[in-house]
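Trainee: If you want the building blocks of each chain, they are given just below.
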Amino acid sequence: MAERIDVDGEWQRISMRYASVEAVSTVIWWLIVGVGATVPIWFANDARLPWWGWLPLAAAILLIVIGVVFSVLRTRTIGYLQRDDDLLVRRGMLFRRFVAVPYGRMQVVDITQGPVERMFGLKSLKFVTAAATSAITIPGMPGDTAEQLRDHLVAVSESRRAGL
Amino acid sequence: MQGGPTPGMPAQHGRPQEARAKAAELVDGEWHQLHPASPLLRGGLALIIFVGILFSVFRDRVIGLFVPDEFDEWDEDPFGDFIVNQLLWVILGMIGLVLVLILLFWIGWRVHRFRITGDAVEVQQGIFVKKHRRAPLARIQGINIQKPWFARLLGACKFEIQQAGNDSNVDLNYLSSSVADALRYEILNRASGRSTADAQRMAAERQAAAGGVVDEFLHPDAEISHVAPDSLVRIPVGRIVASSVLDGWIVWAVLYLVGTLVVTFVFQQWWVLFSMVPAAIAFFAAGMRSLGAKLRYSIAATPDGIRLAYGLASTTTEILPPGRIFALQVKQPLLWRPFGWWQVTFTRAGKMSSDGSGSSGQSQQMANYLLPVGDLRDVRTVIGLLLPELAHSPLVDQGLFGQAPDAYVVSPPRARAFRWFSVRRNGFHVHPAAFLLRHGRIWRSLQLVPGARVQSVAMQQGPIYGLARLARVQFHVPGSVLSPSIGALDQQDAATLFEHAMRTVKLAIDTDASESWAASLSRNAVLETAPAVQDGLMPAPQQGQQPAPWQQPSAPQRPAPWQQSSAPQQPAPWQQPAQSQQPPAPQQPPAPQQWQRPPADVRWQPPEADGRWQPPEADGRWQPLQGEDKWRPARGEDKWQPLEGGDKWRPAQGDEQWQPPQPDPRRQPPRDER
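In order, the protein sequence lines correspond to chains D and V.
Letter by letter, the first sequence follows residues 4 to 167 of this note's numbering.
Letter by letter, the second sequence follows residues 4 to 677 of this note's numbering.
Since the hints were derived computationally from the structure, they do not count as laboratory data.
Please read these numbers as outputs of a predicted model, since none were measured by experiment.
Note that CB positions come from ideal geometry on N, CA and C, so glycine has one too.
Among the clues, some could well be false.
Facing chain D, from chain V, some residues (calculated, C-beta under 8 Å) [said to hold, decoys possible]:
1) GLN458
2) VAL460
3) ALA474
4) VAL480
5) SER486
6) GLN494
7) ALA498
8) ILE512
Could you build all of it, start to finish, from the sequences and the hints given here?
Mentor: Here's what the structure looks like:
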């Protein structure tokens, strides 16, 4: 296979614990779907499960396995790179996407933390520019990294504030 | 500007003076009320209509009261009987209701106030729920004056200050028409960072030119037409009608009509004909509305930005300060091609508010056209207003008509599967002022994204593009009208464009001064270019002339010299070689360095001048002035000549729109900084 697009640099990877966050979300989601599909079958067959009644659950478990593998792979592809004038964020292996945001263009830097992320001690950093299409997030920032990076970015973008 | 009264415009000294005095009163930083008719226009109209309906329903009964014996058959109408029997109470109740409503409207009008301070416009409103909105002047995206036909009758207009973001506009609905225009100038004056003396002088000139409100119904933009030349483009009515007919949906309407007729006659289902009536009415109404919005379109350059005016019955004049247009698209619907017509749309940060008061549909639709329809010369004029650097450039021609061997980097031949017909046309060019993205061979279009307005850049590649080693580059700009992007590029080209875009954007941001535009010379450059553009004189595209040193038109399979297999460990080849011409380091590394995991020395390392990449300013477009830490367009032509003073510039030929430059606009901050 041909070489794919890439940008050289010392990319900062996000924490691999984020794979666990993704995996937990995947497991919860597909369990809900699988059980939700199984229960009606169970009721419809007088509280007994025919052999094919296990199929949705099996499919869900298969999807969970795939999802967990993919969450590991996906987490490995997410990274960011601080350059002199812009912040570069990448994600995706199959669908690759690189976004570069000049520091002066950042309007808002958000830190969010969902319940699962909190279990693993991770935070997400979200950037907003004046363009709605360029909303980007860096998930899986461990510990204080998110705050440090945010403070740094805010300071830099304040010194380079460049209107719209 | 030493021009006398504009020809054909009767001199009226009284009204503009008065209006300006009133406007100056409005911007004194105190709270002011809106136009007294505002409640009526904002919601009171519904009340009148309600009363009117009530009256028309009971008209016959009321007549019957006074003219008895005419109508007797009201027996089966208990509700009406009740009303007639309790007429006194009903009338009293209605009067009371109306009084309460009037009182509410009046209080609402009293508490709806605005004030204009040195750096912001503030609006307060609300009786029970207070609302206070503050708009910084530096972030104004444009000021609209809309005159719906009903408001025009009362001498009022809507005054909309556009801000970036969704639903963040500041509306002063309604203001008196006579004041609105002068007020707009006052606000734009403050936003522009113009010095007070300069503003006074300009205002005096405006008065001397004596426009005034001459005939509002015939000249929607008469109040300001004396500041700037008349519209730079003339669009004949016939062309507007014909282009509307040929533009897309009317064709579909005709197809629908024909299809329905065929169905009717083939299946002998005559009732189908009746289903066409509502559709026809809808089509007709939509067509008339869009036509009405396109008619009497004018665009001109004023010292405060591009002025658009349009509308037949309900008019809108709009001033977009420089730097508030984020992207342009020049496109040509297929059916326009025989006539050589083009359409220019643009995207902006603000959003037209739609408060359901009649003309919102029109303004929303219209707000995106910079040129509803026009020929090549008009397109060049409009582009020149926005990007003067490109006004005479062959890049525009190549972008509109050109094909592969030219200044544009196009898709590789293997991208034919993705761009069947346009593989040799689909491409981009990086100009120091803007990115030019060229699309389509059947539906031609050209997108221009000023570098200083790009918010962020994305490069993406899906699995199928990955197999073909192609990629897409996207430029993120505010607004939802345009999303400039170019796909099916060779991934090397895309990566280079991506890297290079960030360099260009950085440079453009550093040299951009549109936030307080009077402090920069770009404004005057626009004014000075506009008439020249209109002459339609532009150099023919030449093959030998390379617009940028890093692009060679020849050898499409090896598009550019900057591409030659840079060793990956080398510090990026797009970084500029150290040159004496470089701007005095606008990009210092950020001071707070606590966040820097990789050592700082590997970041910014100007490689030795290997001739691979030359920065855009090497081609003579930008030259540093001696002893100054800013950049100005040198504009290789003979239009700008340095005076003896050294730091002052003046156009060579006397130009009407030219104002002699103030000593140094940036060194003296025009208004007290916030």
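Trainee: Confirm or reject each hint.
Mentor: Right, here's what the structure says about each hint:
1. GLN458: Result: holds, 4 Å to nearest chain D Cβ.
2. VAL460: holds, 5 Å
3. ALA474: Result: holds, 5 Å to nearest chain D Cβ.
4. VAL480: Where the cut-off is 8 Å and the nearest Cβ of chain D is about 5 Å from VAL480 of chain V, the hint holds.
5. SER486: For SER486 of chain V, the interface hint holds, since the closest Cβ of chain D sits about 6 Å away, which is under 8 Å.
6. GLN494: holds, 5 Å
7. ALA498: holds, 6 Å
8. ILE512: Holds - the Cβ of ILE512 of chain V comes within 8 Å of chain D, reaching about 5 Å at its closest.
Every hint, counting from the list given before, is met by this structure.
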